[in-house]
Amino acid sequence: MTIKTTPNALQTGWPIAAEALDICSTEAARVWGLDYVELSEFTPEVELLACFPAPALFRHAVLPLTRSGDRVRIALSDPRNFGVLEELTAFSGVLLEPVLANRTQIERHLRAHFGVGGGTVQDLLASEDNAGESQPTTNQIADAEETASVIKLVNELLSDAVRQEASDIHLEPDAMRMVVRFRVDGVLHPQATPAELHRFRAAMISRLKIMARLNIAEKRIAQDGGFRIHVQQRELDVRVSVIPMQHGEGVVMRLLDKSRLQLTLPGLSVPTHIQSAWSKLIHQPHGMLLVTGPTGSGKTTTLYASIQEINSDDKKIITIEDPIEYTLRGTNQIQVHTKVGLTFASGLRSVLRHDPDVILIGEVRDQDTASACIQASLTGHLVLSTLHTNDAVGAYTRLVDMGVERFLVSSTVHGVLAQRLVRRLCMHCKVPQSVDQVTIPSDFCFPEGAGHTLFRAQGCRLCNHTGFRGRVGIFELLQSSSEIRRLVLAGASHDALRTAALAQGMSTLRQSGWQRVLAGETTIEEVLRVATSELD
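When we follow my numbering, the leftmost residue of the sequence shown carries the number 1, and every step to the right adds one.
Note that these hints are calculated values from the structure, not bench results. Incorrect hints may appear among the rest.
To be verified - With a Cα cut of at most 20 Å, we get these calculated EDC-like pairs of lysine to aspartate or glutamate: (1) Lys-280 <-> Asp-168; (2) Lys-258 <-> Glu-196; (3) Lys-258 <-> Asp-314; (4) Lys-258 <-> Asp-357; (5) Lys-152 <-> Glu-107; (6) Lys-152 <-> Glu-86; (7) Lys-152 <-> Asp-237; (8) Lys-280 <-> Asp-314; (9) Lys-339 <-> Glu-448; (10) Lys-339 <-> Asp-322; (11) Lys-339 <-> Asp-224; (12) Lys-280 <-> Asp-322; (13) Lys-258 <-> Asp-322.
Quick caveat, the model's predicted, so the values are computed rather than measured.
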């Protein structure tokens, strides 16, 4: 049986003049005498893919495209890899006509059809079948092969999450399957997985526990750990949380990519007027500053950027965190250990004896921590922390609800920054839309002047066809004025405090989001998703 190839490619080999070419480019295809195929809009044939072994397709990054009689057109990601054609021809018994295609597009189609780690799962199934028919000594070899395949499967899972720029990986056990979801730009996306993946979920979780230095024999209690990996030439810290559930253990992994972190206020795209006002607040010698918002809204990153701005040789900065997410040079960072009594509150009381100028507390969770922060700010320290409230005004009432005296809250809290993250429109595929086609909320007003253009998400290969790529913050800064302090001291309601804040010129989260919409960075739907109306 012969393979249809181009003499130019096989006889002359890779030309010296083309060594620097991208092997998946149209120019490389011309040099090799192959056609180049664009696969971004291509839909593979399910029956055709079933004729070829998944492990070989994944291993060599090749994709069968179309069948014509006894011939199959197949896309290669590397024109030098003609050996795979012989392997696949021997397996399928058909003639193969090679073309060249982009490797990323090929791998995306393979994952969409076979699922994440589809090739490796097939290898694991094959090793199980072989082990059942083998002698004891061969079983030991099969066990070693299975262990290596499980390691490879976990690595593929992590690599695919990094490729999709996911911030979290969720492994959720069900009765007969393993659900895999990636959180990308704040939204969970289910991932296609092989149906047989659930058979190896115990081995996968054990592998993750080993990597995170957790107890693999303990399956009754929650465990937390972490590890560091190098994926796609990037170093990532991975935080692992394992919780027992009805059908097994569930795992959530938070991926922290230090190389992509922007630890400056301009790098976080904080609006200029808020950046200027917040910068003045963090340069004050004492007082308490709070960053509020739900989990995953970027509060800690904003605090890190603030610390970086005021970090200098003449200031001693101490942080108390749970956990320490990133290492900040020039600061003293403390990890909370509740099992031995090192909490935010106890750590803060000890830190005060180390003569700090600035203290960062990971989160104000209870009355003890809140009281300790207040006392630290009263004794001449600048204290920065986070709090879970819906808006900036809510920070004052939340501290009072925790049991802090109103006069202490009014005299120590100098500013509150509320924030959210909205998905940023993909700059390569966003398309303009008529204002008439959009329902504009009543509190969103166009500025006077020329006509305005809004944009909507469309989707392309670069954004995984979501229409969004990355996130950008929207912010609400409330500075404590004499009027705000008077109202807090008098026990004013949340609504009264908010009315006073708006009267003194506070820009709300929704107004900040509307400015992002007008700038073509996001959509109205994204702003409405994360910020409720003041009229509600």
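Taking the earlier hints as the rules, which of them does this structure contradict?
Checked against the structure, the hints that fail are numbers 1, 2, 3, 4, 6, 9, 12, while the rest are satisfied.
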